[in-house]
Every structure is written in structure tokens, then in C-alpha cells.
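6 protein chains.
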Amino acid sequence: MDDSIEAKREFRLKMNDLILNKGDINIKRFFALDSRVYKDGHLSQKTKELLGLVASTVLRCNDCIFYHLDQCYKQGITDDELFEALSIALIVGGSITIPHLRFATNQWVTLTSE
Amino acid sequence: MDDSIEAKREFRLKMNDLILNKGDINIKRFFALDSRVYKDGHLSQKTKELLGLVASTVLRCNDCIFYHLDQCYKQGITDDELFEALSIALIVGGSITIPHLRFATNQWVTLTSE
Amino acid sequence: MDDSIEAKREFRLKMNDLILNKGDINIKRFFALDSRVYKDGHLSQKTKELLGLVASTVLRCNDCIFYHLDQCYKQGITDDELFEALSIALIVGGSITIPHLRFATNQWVTLTSE
Amino acid sequence: MDDSIEAKREFRLKMNDLILNKGDINIKRFFALDSRVYKDGHLSQKTKELLGLVASTVLRCNDCIFYHLDQCYKQGITDDELFEALSIALIVGGSITIPHLRFATNQWVTLTSE
Amino acid sequence: MDDSIEAKREFRLKMNDLILNKGDINIKRFFALDSRVYKDGHLSQKTKELLGLVASTVLRCNDCIFYHLDQCYKQGITDDELFEALSIALIVGGSITIPHLRFATNQWVTLTSE
Amino acid sequence: MDDSIEAKREFRLKMNDLILNKGDINIKRFFALDSRVYKDGHLSQKTKELLGLVASTVLRCNDCIFYHLDQCYKQGITDDELFEALSIALIVGGSITIPHLRFATNQWVTLTSE
Numbered sequence: 009m010d011d012s013i014e015a016k017r018e019f020r021l022k023m024n025d026l027i028l029n030k031g032d033i034n035i036k037r038f039f040a041l042d043s044r045v046y047k048d049g050h051l052s053q054k055t056k057e058l059l060g061l062v063a064s065t066v067l068r069c070n071d072c073i074f075y076h077l078d079q080c081y082k083q084g085i086t087d088d089e090l091f092e093a094l095s096i097a098l099i100v101g102g103s104i105t106i107p108h109l110r111f112a113t114n115q116w117v118t119l120t121s122e
Numbered sequence: 009m010d011d012s013i014e015a016k017r018e019f020r021l022k023m024n025d026l027i028l029n030k031g032d033i034n035i036k037r038f039f040a041l042d043s044r045v046y047k048d049g050h051l052s053q054k055t056k057e058l059l060g061l062v063a064s065t066v067l068r069c070n071d072c073i074f075y076h077l078d079q080c081y082k083q084g085i086t087d088d089e090l091f092e093a094l095s096i097a098l099i100v101g102g103s104i105t106i107p108h109l110r111f112a113t114n115q116w117v118t119l120t121s122e
Numbered sequence: 009m010d011d012s013i014e015a016k017r018e019f020r021l022k023m024n025d026l027i028l029n030k031g032d033i034n035i036k037r038f039f040a041l042d043s044r045v046y047k048d049g050h051l052s053q054k055t056k057e058l059l060g061l062v063a064s065t066v067l068r069c070n071d072c073i074f075y076h077l078d079q080c081y082k083q084g085i086t087d088d089e090l091f092e093a094l095s096i097a098l099i100v101g102g103s104i105t106i107p108h109l110r111f112a113t114n115q116w117v118t119l120t121s122e
Numbered sequence: 009m010d011d012s013i014e015a016k017r018e019f020r021l022k023m024n025d026l027i028l029n030k031g032d033i034n035i036k037r038f039f040a041l042d043s044r045v046y047k048d049g050h051l052s053q054k055t056k057e058l059l060g061l062v063a064s065t066v067l068r069c070n071d072c073i074f075y076h077l078d079q080c081y082k083q084g085i086t087d088d089e090l091f092e093a094l095s096i097a098l099i100v101g102g103s104i105t106i107p108h109l110r111f112a113t114n115q116w117v118t119l120t121s122e
Numbered sequence: 009m010d011d012s013i014e015a016k017r018e019f020r021l022k023m024n025d026l027i028l029n030k031g032d033i034n035i036k037r038f039f040a041l042d043s044r045v046y047k048d049g050h051l052s053q054k055t056k057e058l059l060g061l062v063a064s065t066v067l068r069c070n071d072c073i074f075y076h077l078d079q080c081y082k083q084g085i086t087d088d089e090l091f092e093a094l095s096i097a098l099i100v101g102g103s104i105t106i107p108h109l110r111f112a113t114n115q116w117v118t119l120t121s122e
Numbered sequence: 009m010d011d012s013i014e015a016k017r018e019f020r021l022k023m024n025d026l027i028l029n030k031g032d033i034n035i036k037r038f039f040a041l042d043s044r045v046y047k048d049g050h051l052s053q054k055t056k057e058l059l060g061l062v063a064s065t066v067l068r069c070n071d072c073i074f075y076h077l078d079q080c081y082k083q084g085i086t087d088d089e090l091f092e093a094l095s096i097a098l099i100v101g102g103s104i105t106i107p108h109l110r111f112a113t114n115q116w117v118t119l120t121s122e
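Chains as they are written, first to last, in this note's numbering: chain R, 9 to 122; chain A, 9 to 122; chain P, 9 to 122; chain U, 9 to 122; chain H, 9 to 122; chain W, 9 to 122.
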């Protein structure tokens with residue numbers, strides 16, 4: 009396991025706990041909503057994770073890409089599917105998203121070579 | 009057919025022609041790339057249009073939503089599938105995307121009630 | 009009453025109804041959350057509406073500015089308070105926000121001269 | 009002269025006056041700064057207007073594109089120069105900027121065919 | 009004192025000095041404006057810092073959040089007030105702002121437990 | 009040579025190779041387009057690099073600023089020209105771009121003092 013990936017996962021969980029502990033009821037409700045929205049429904053969780061990944065990439069948020077890549081990996085998304093989704097993010101979002109493609113590729117290669 | 013939808017489609021096509029006529033080779037190549045990226049591949053065109061729609065919604069571009077809704081409709085996407093995709097855009101992008109959900113809903117209702 | 013302001017309010021309400029009717033449970037919950045978050049609490053509703061207004065201005069969403077200006081007006085915010093809040097949005101967000109200051113000023117003058 | 013272009017110019021000036029009249033000293037100073045920054049210096053005004061245009065395009069602000077296109081036209085920028093600048097905005101900003109290329113092309117054709 | 013917070017404060021000041029030394033008159037004027045706009049006026053400095061914090065959060069800039077949190081702390085803002093302001097940023101800006109809530113929470117806990 | 013600058017250059021090249029190796033044909037074409045668009049044409053490469061730098065600054069992408077600063081340096085851009093370009097980015101993009109001015113200034117000073 010890549011240490012920095014593990015460290016990011018831990019910081020994420022620790023801070024989420026702290027936010028839920030400190031935050032008001034509206035923050036708690038938003039967090040609950042944020043986990044429910046990716047569940048299987050009329051669209052599969054796999055498709056939803058790809059939607060989350062592309063949204064995160066065009067909005068250029070590495071921490072969000074990080075989370076959705078973990079989920080994409082758990083959903084059994086293939087290399088080809090992943091890079092087709094990223095190619096859409098790249099065309100929609102332009103070259104400004106390329107640093108995030110680098111980040112995503114680095115993490116994906118780590119995940120898939122474990 | 010709703011006139012304003014038809015008018016938007018016409019303006020879009022007319023201006024695209026003008027850009028391709030005036031623009032340099034790099035603009036032409038980008039436009040070619042932009043239409044190729046949504047073709048069937050390892051991911052279906054249907055999934056890719058949903059990716060394009062969600063990307064357009066979180067980036068808050070009505071003209072882009074307009075185009076992808078047209079394509080989603082042609083791909084036979086259902087009401088339930090569409091609104092699940094939009095719910096992900098809403099949670100990722102926040103209340104600032106709500107005006108674009110209104111725009112999308114208005115157009116979708118027109119398209120599906122023709 | 010300015011007709012276009014009234015028309016915008018009506019479109020907003022009509023589309024919100026349609027979204028709540030068509031949308032899934034997650035969209036409904038988000039909408040509920042979106043109205044609760046501006047209620048009086050440890051910060052006053054007046055302060056919260058200014059927070060919503062400045063957030064909407066730096067994110068450059070006229071429909072959101074429109075809504076929060078209506079609420080600011082109801083909360084009795086003065087011209088001086090409003091323009092101080094907008095001056096922060098302008099300095100944070102830069103000249104790209106100026107068209108939204110024009111939009112906001114036009115609506116505010118209409119609201120306050122009724 | 010295209011009426012809608014003229015109408016936009018008038019709304020812009022009228023609202024700027026109102027903002028300067030209503031706004032606080034910080035808004036006034038920002039507006040002064042905003043006009044000074046495009047003046048001839050170590051970079052020519054022509055280059056600076058192209059910088060303003062590309063910044064406005066990748067930030068996707070039609071009102072700002074509108075203003076800088078007017079200035080580009082006054083600076084004698086050619087079709088080829090303009091579309092090369094826009095091609096950079098397109099590659100950097102992605103397909104999400106295409107509606108703004110349509111807007112810019114439409115206005116530019118009007119300006120250059122007067 | 010948390011070292012990394014102190015290190016960030018130092019880098020910020022050192023680079024500001026360098027920018028003011030290297031930059032042209034327009035940059036200097038902007039920096040002056042940027043510090044004046046948060047001063048007490050018709051709105052209190054406390055309210056203005058919350059406006060700056062929420063603007064920084066929805067625009068997803070950790071360095072800006074960092075600065076405004078320092079100021080919020082100096083203004084005596086409470087935990088409850090802070091998280092209510094952040095909950096508005098979260099609802100307006102969506103889940104894409106969550107990594108910035110984690111950043112803010114981590115810094116706030118450090119500041120308030122010193 | 010500053011180590012961290014060299015390390016960034018290496019990571020950039022290594023990840024680009026990996027993306028081109030893993031990515032589909034559309035990603036490859038985009039990358040080709042992205043390098044062609046800054047070549048000398050009706051606008052000089054120098055002007056184009058400034059356009060790329062300002063676009064990267066208002067879109068607030070340090071990795072993109074990093075690349076364009078390297079190119080600006082190779083094009084012989086002077087301190088005065090660079091900071092005039094950055095002053096436009098600052099006025100257009102607002103105080104939210106200041107952390108990126110700090111990043112750019114730090115790198116520029118390193119490059120020009122080698």
C-alpha cells in the first residue's frame with residue numbers, strides 16, 4: 009500500500025469525524041446526502057462514480073478525484089473505461105485539467121498495481 | 009416544437025460554421041475532437057452523454073446543458089436516470105447549480121412532452 | 009413592481025415545483041437543506057443572507073444574486089451595508105464580477121424605489 | 009450599428025455610473041484600477057486587451073468578452089490574431105468555452121462588417 | 009504554535025513583500041485596496057471576515073481560507089458562528105468544497121486549542 | 009537549479025508519458041493540440057505564452073503557471089512585462105488569485121537568479 013494514499017485516506021476520515029462533531033445539523037445532513045447520492049438506483053453505482061469522477065475533474069479538485077478513484081477501483085472499472093471518462097473531462101474542461109489527469113493517473117497506477 | 013429550442017439549435021449550428029470558417033486549424037481540430045469523444049467505446053454513448061451533462065451542470069453552462077440534453081433524449085435516457093444524474097451534479101456543485109437544474113428541467117419537460 | 013422581476017420570481021417557483029415533482033429524494037432533501045441553512049441561528053438571518061449574496065456574486069450566478077437580493081431587502085439591509093458586502097465580493101472575485109454588480113445594482117435600485 | 013450591441017454598451021455605462029454613485033470608496037478605487045491596468049506600458053495596450061479577452065473567455069464571462077472585443081477592434085487586431093488568441097482560450101478552457109466563442113464570433117463579425 | 013501555520017504565515021508575508029517590490033503600481037494599489045476593504049464600516053470587521061471566509065471557501069482557495077480564519081479568530085468568532093458560516097459555503101458550493109472544510113476545521117482546531 | 013522546480017518538471021514529464029501510454033486516441037490528440045497552439049503564428053510565441061500564463065492565473069492552476077513561467081523565461085520576457093501581465097490577471101481575477109501571484113513570484117525569482 010502506498011503510504012501517502014493511506015495517509016490521505018486517514019486524514020480524510022479523521023477530519024470528516026471532526027466536522028461532524030463540530031458542525032451544525034445542516035452540515036451533518038449534507039454529509040449524509042453526499043454518501044446516499046452515489047448508491048445504486050436507476051443508474052448503477054459504477055456509472056455514478058464515473059459521474060462523480062468527471063465532475064471532480066472538471067472542477068479540478070484532487071481530493072475529490074482521490075475519493076472517486078478509490079470507489080471506481082472498488083467498482084471494478086477498467087483502465088479503458090477510466091481513461092475514456094477522463095478524456096471527456098479533458099475535452100470539456102481543457103488543458104487546465106491536465107495536472108489533475110496527472111494526479112489521477114499516478115494514483116490509478118498505484119491502485120491497480122497493488 | 010418549442011420555437012426557442014429550435015432557435016437555439018440554429019444559432020448554435022450557424023455560429024459553429026462561422027467559427028470553423030474563421031478559426032485556425034487548432035480550433036478546427038478541437039471541434040473534431042469534441043464530437044469524437046462522445047462516440048460509443050468502452051463506455052456507451054449514453055453513459056458519455058450523462059458524463060457530458062453532469063460536467064456541464066457543475067461547470068454551470070446552460071448552452072452545454074442544452075446540447076447534452078438533446079443528446080440524452082436521443083439516447084433514450086429516462087426521467088429517473090436523468091434526475092439521478094442531475095442529483096449528483098447538485099450535490100457536487102451545490103445550490104449554485106440550481107438555476108441550471110431549472111433550465112434543464114424546463115427543456116427536458118418540453119423535449120419529453122412533444 | 010418591475011415585471012421582469014416578477015416574471016423571474018414566478019419562473020423560479022414554477023420550476024422549483026417541477027424539480028421537486030420530478031426529482032428523486034436526494035434532490036428534495038437538498039432543497040429542504042437549502043432553505044434551512046439561512047434561518048436565524050448563532051448568526052442572524054441578515055448576516056446569512058449577506059453571506060449567500062457574496063458567495064453568489066463571487067461564483068457569478070445572477071439567478072442566485074436575484075434571490076438573495078430579494079431576501080436582503082426583506083431583512084432591511086441598507087444601501088451602505090449592501091454595497092460594502094458587494095465591495096468585498098468585487099475585491100475577492102475581481103473585475104470578472106463587475107457584470108454581476110451591474111445586475112445587482114439594477115435590481116436593488118428597482119426594489120428600493122418601489 | 010447592431011442595436012443590441014449598442015444597447016449593451018448603454019446598459020454597461022448607465023450601470024457603471026450607478027455603481028460609482030452608490031458604491032463605497034473601495035468600489036470606486038477598483039473601477040479606476042480596472043481602467044488603468046490596460047494602458048500602454050511595458051506591454052502594449054493591444055497585447056493587454058488580448059490578455060483581457062483570453063482571461064474573460066476562460067472565465068466564461070460574455071459581458072467581459074463584449075467589452076474587450078470592442079477594445080480589440082479599436083486596437084486594430086486582425087481576424088487571424090483574434091482567432092489565435094481565442095484558440096488558446098479554447099484549448100486552455102475546453103469545450104465549455106465554446107458557447108463564448110460563438111458569442112465572440114457573432115459580435116466580431118458584426119463589428120468588422122460595419 | 010503549530011509550525012506549519014507559522015511557516016505559511018511567513019511565506020505569505022515574504023512573498024507579499026517580494027510582489028510589492030517587483031510589481032507595478034497597479035498591483036500595489038490592489039494590495040492596498042485588499043486590506044482596506046475588510047475594515048470596520050457599515051458592516052463590522054467581524055461580519056466582513058465571515059464574508060471573506062465564505063467567499064474563499066466557495067472559490068475553494070485554501071491560502072485565502074487560511075488568512076481569513078486567522079482574522080476570524082482575532083475577531084473572537086465562536087465555533088458555532090464559524091460552522092454556521094461554513095455550512096452556508098457548503099450548501100452553496102456543494103461537496104466539492106468539503107476538502108476545504110477539512111482544511112479549515114484542521115486549522116481552526118489548532119488555533120482555538122493553543 | 010532549485011531542486012523542487014526540477015522535481016516538478018520531472019513529475020510532469022513522467023506523468024505525461026504515462027497518460028499518453030494509457031490514454032485513448034482523444035487524449036493523445038488533445039495533448040498534440042495543446043503543444044501546437046502556442047507556436048509562432050500571427051501572434052508571437054512570446055505573446056501566446058503570456059496569454060497562457062494569464063489564463064492559468066485567473067483559472068488559479070499553479071501547475072499550469074509553473075509550465076508557462078518556464079516558457080516565458082525561455083522567451084526572454086522581462087520582469088516588467090511579466091508583472092504587467094500578472095497585474096491584469098490580478099485585476100480580472102481578484103484577490104483570490106494572490107496566492108498564485110505568490111507562487112509565480114517565488115518561481116520567477118528562482119528562474120531569473122540562476
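Certain hints may be false.
When chains are identical, the list treats them as one kind, so a pair holds in a single copy or across two.
Claimed, not checked - Here are the computed lysine-lysine pairs in the BS3-like style, where the Cα-Cα straight-line distance is at most 30 Å:
hint, residue 1, residue 2
1, LYS54, LYS36
2, LYS47, LYS16
3, LYS30, LYS54
4, LYS16, LYS54
5, LYS47, LYS36
The set of hints was computed from the structure by calculation and includes no laboratory data.
Verification of the hints:
no. : hint           : verdict
1   : LYS54 to LYS36 : both (25 Å within a copy, 23 Å between copies)
2   : LYS47 to LYS16 : within (23 Å within a copy, 35 Å between copies)
3   : LYS30 to LYS54 : between (32 Å within a copy, 21 Å between copies)
4   : LYS16 to LYS54 : within (23 Å within a copy, 33 Å between copies)
5   : LYS47 to LYS36 : both (18 Å within a copy, 16 Å between copies)
Checked against the numbered hints above, the structure violates none of them.
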